[in-house]
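Peer 1: As you go down the protein sequences, you meet chains Z and X in turn.
Under this note's numbering, the first residue of the first sequence carries the number 175, and numbering increases by one thereafter.
Under this note's numbering, the first residue of the second sequence carries the number 29, and numbering increases by one thereafter.
You may find that some hints are simply not true.
Said to hold, decoys possible - Partial list, computed: chain X residues near chain Z (C-beta under 10 Å):
(1) Leu53
(2) Val54
(3) Met57
(4) Leu72
(5) Arg73
(6) Ile86
(7) Asn99
(8) Ala222
(9) Arg225
(10) Ile228
(11) Ala278
(12) Phe287
(13) Glu343
(14) Phe358
(15) Val378
As the list claims (entries may be wrong) - List time: in silico BS3-like cross-link candidates among lysine-lysine, alpha-carbon distance up to 30 Å:
(16) Z:Lys231 <-> X:Lys78
(17) Z:Lys231 <-> X:Lys95
(18) X:Lys218 <-> X:Lys189
(19) Z:Lys304 <-> X:Lys95
(20) Z:Lys234 <-> X:Lys218
(21) Z:Lys295 <-> X:Lys338
(22) X:Lys277 <-> Z:Lys310
(23) X:Lys218 <-> Z:Lys295
(24) X:Lys218 <-> Z:Lys310
(25) Z:Lys254 <-> X:Lys277
(26) X:Lys215 <-> X:Lys227
(27) X:Lys227 <-> Z:Lys254
(28) Z:Lys304 <-> Z:Lys234
(29) Z:Lys295 <-> X:Lys95
(30) X:Lys95 <-> Z:Lys310
Said to hold, decoys possible - Output of the computed footprint for chain Z on chain X, the stretches with three or more beta carbons under 8 Å from beta carbons of chain Z:
(31) 173-183
(32) 253-265
Hints were generated in silico from the structure; no laboratory data involved.
Backbone N, C-alpha and C define an ideal beta-carbon position, used for all residues, glycine too.
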Amino acid sequence: MIAKLKGSYGSGIEPLTYLGQNYMVVDRSLIPEILQVLRNQEQFDYCVDITAVHYPKREKQFDVLWILYSFPRNQRIRVKTQIAEGETLPSSVPIWATTNWLEREVFDMFGISFDGHPDMKRILLPDGWKGHPLRKDYGILQQDNEWVQINLGIESGQ
Amino acid sequence: MNDPTSLSPLDLETPDKTFLDANELVINMGPQHPATHGVLRVILRLDGEKVMGLECVIGYLHRGVEKIAENRTYTMFNPYVDRMDYVAAVSNGLGYCEAVEKLLNVEAPPRAQYVRVILTELNRMASHQLWLGTHALDIGAITPLFYTFRDREEILKIFEKYCGARLTTHAFRIGGLQYETYDGFEKDVKTFVAFVRPKIDEYEELLTTNRIWLERTKGVGKISGQDAIALGVTGPVLRASGVKWDIRKALPYANYKNFDFDIPTGENGDTYDRYLVRMAEFRQSLRIIEQAVDHIPEGPIMAKVPKVIKPPVGEIYHSIEAPKGELGYFIVSDGSTQPYRIRVRPPSFVNLQALDVMCRGQLVADVIAVIGTLDIVLGEVDR
C-alpha cells in the first residue's frame, strides 16, 4: 500500500518503520489529500489521535501527527508532517468527526490552528488564557498570571 | 454556540424548530453537579424538556500531566499515570509500562505478565462495578450502589495486600513487577472469583428485567456503529453499537493471546445494550482471571532493564483496552532519561464528544443517563 502511495506522490511521502510500527512523513502540501485517500480508498476509517511535538531548534518547529487505524485491515499507521511556527493546517473534521476535539486540543496546547474547523477555540484551558503550554518555551511552573489575577482574585497560582 | 450540523460526515437529525416557535432555553449543568461524575460542565439548549443540542465545557481538572512528563524521568512519571483514570489505575500503569518497554525493546517475563493480566482484569471488574453503582444511582436506583461498592472492597483488599494502595496503585514497573505476589495471592483471587459470581447475578436480578430500568434505558442515547466509528468512540460503547472490536483480540498485548474469552456485543447501541455489554464483560473478566490464576509460572518478575532508563531516540504508540476504551500512549524519546513528549490518548475524552450526538432530541433526564453510560472519568478527560 505504501508503495502505491509513494508511486502516486513521489517525493512528498517518505515511509519509515520503527520497532515494527509504520509511519509516513508527508509534505505539508499533500496533507488533506493524503488523509482523504487513506480514509476513502485505503479504509483507514478510525482516527485514533492527533498530536503534535515541538522542536524549537529546528527550522520547521512542529511535528503534527495523525494516528489512524483501519478496522477492515486491522492496521495502524501514523502520518507525520512538519510545519513551521505560524503555519496552519487544514482541518480533518470533514474526513473524521473525531478530530473535532482532538484538533482543539492541539490548538490549545501548541497554538497550531486548523483551517475550516467549526469551533476553533481552547478546550482544556480557560478561554482567555494566553500562551500555549506544551511548547518547549513555556515554563513548567508558568501560568498566565494576568488571567489568574482577574478571574480568581489571587496574586498568583503558585 | 456550536452549529448543530457541524459534526459532518455524520447524519444528524437535529430538532431545529421549537414547539410553537418558543425561545430556546439555555441551561447550565454546572461543574458542580452530583451526576456528572466529576467536574464537567454541560451547556444544554432546551425546548421545554427536549434537548436541542449541548456543548461540553471541560478542563476543570486539567493538571498538565503531559507537560509534567517532560520534566520527570520515565520511572518518576509512573505514579502520575495512575492519577489520570483514577478508577482503573492499574490499566493506566499497564499501558504506560508496556509502551516504555516497547521503546526499550524488552518484554516482561511470563510470571510478571500473568500477574499483570490478573491485576488488570480485577481492576476492570472494579471499574465496571463502580460504573454500575454510580450509573444506577444517577438513574435513581440506589441499591446497586451499595451492593457494588461492598463487593468492590474485596478487590481493593487484594490490591492493598499486594502493593499497599487501593486506588492509585502504581502496581507495575517498567520491565515487570516490583513486588512478588504475597503468600496466599492465588487463594485470595480464587476465593474472590467464587464470591463474586453470584453477586453479578444479583446485580442482574436487580436491574436487567426491571421495568423502570428498561423504560429509562431502552432507546436512550442511541448511536449507530458507523457514527461510533466516525466519532472515534471505543470500548463498551462501540461494542454495544454492534462493532465487535477489542484491542485485546485485535492487537493483543501482555499475553492475552493465551487466554480464551469472548467479546460481548450489543445490537442497538442504546443505554440498555451498553449495560448488557458491561455486565457480560464482568463474566469474561472472571473467565480470564480463572484461567490465569491456575497457571502462573515460576520465574523472575523483572526483566533486565537498566537502572537508568534511557530509551534510544524514536517514537512509539501503544494502546491497551482500558475499561473505558482505547487508552493509548504516544512516547517520543530523544535519548535522554526524560521523555521528550508523552501524549496520552484518553478514551473518555474522545467518547465524551459523542455526547452531543447521543442526546439530540431526548429529554433532560436522558442526558444524565447518557453521561453515566459513557463511563467517563474526568481525570482522564482533562489529564
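Peer 1: Would you mind marking each hint as holding or not holding in the structure?
Peer 2: The hints, checked one at a time:
1. Leu53: At 21 Å from the nearest chain Z Cβ, Leu53 of chain X fails the 10 Å test, so the hint is violated.
2. Val54: The hint is violated - Val54 of chain X has no Cβ within 10 Å of chain Z, the shortest such distance being about 16 Å.
3. Met57: violated (18 Å)
4. Leu72: This interface hint is violated because 17 Å lies over the 10 Å limit.
5. Arg73: violated (15 Å)
6. Ile86: Result: holds, 7 Å to nearest chain Z Cβ.
7. Asn99: holds (5 Å)
8. Ala222: Violated: closest Cβ of chain Z sits about 37 Å from Ala222 of chain X, beyond 10 Å.
9. Arg225: violated (33 Å)
10. Ile228: Violated, about 30 Å.
11. Ala278: holds (6 Å)
12. Phe287: violated (19 Å)
13. Glu343: Holds. Min distance 7 Å.
14. Phe358: This hint holds: Phe358 of chain X lies near chain Z, its Cβ roughly 6 Å from the closest one there, short of 10 Å.
15. Val378: holds (6 Å)
16. Z:Lys231 <-> X:Lys78: violated (53 Å)
17. Z:Lys231 <-> X:Lys95: holds (18 Å)
18. X:Lys218 <-> X:Lys189: holds (15 Å)
19. Z:Lys304 <-> X:Lys95: holds (16 Å)
20. Z:Lys234 <-> X:Lys218: violated (56 Å)
21. Z:Lys295 <-> X:Lys338: Between Lys295 of chain Z and Lys338 of chain X the Cα gap is close to 37 Å, so the pair fails against 30 Å, i.e. violated.
22. X:Lys277 <-> Z:Lys310: violated (38 Å)
23. X:Lys218 <-> Z:Lys295: violated (51 Å)
24. X:Lys218 <-> Z:Lys310: Status violated; Cα separation ~50 Å.
25. Z:Lys254 <-> X:Lys277: Answer holds: Lys254 of chain Z to Lys277 of chain X is near 27 Å, not above 30 Å.
26. X:Lys215 <-> X:Lys227: Holds - the C-alpha atoms of Lys227 of chain X and Lys215 of chain X are around 19 Å apart, at most 30 Å.
27. X:Lys227 <-> Z:Lys254: Answer violated: Lys227 of chain X to Lys254 of chain Z is near 49 Å, above 30 Å.
28. Z:Lys304 <-> Z:Lys234: holds (23 Å)
29. Z:Lys295 <-> X:Lys95: holds (20 Å)
30. X:Lys95 <-> Z:Lys310: Distance of about 9 Å is within 30 Å: holds.
31. 173-183: n = 0 at 8 Å, threshold three: violated.
32. 253-265: With 5 residues in contact (Cβ-Cβ under 8 Å with chain Z), the coverage given for the segment 253-265 of chain X holds.
Checked against the numbered hints above, the structure breaks hints 1, 2, 3, 4, 5, 8, 9, 10, 12, 16, 20, 21, 22, 23, 24, 27, 31 and satisfies the rest.
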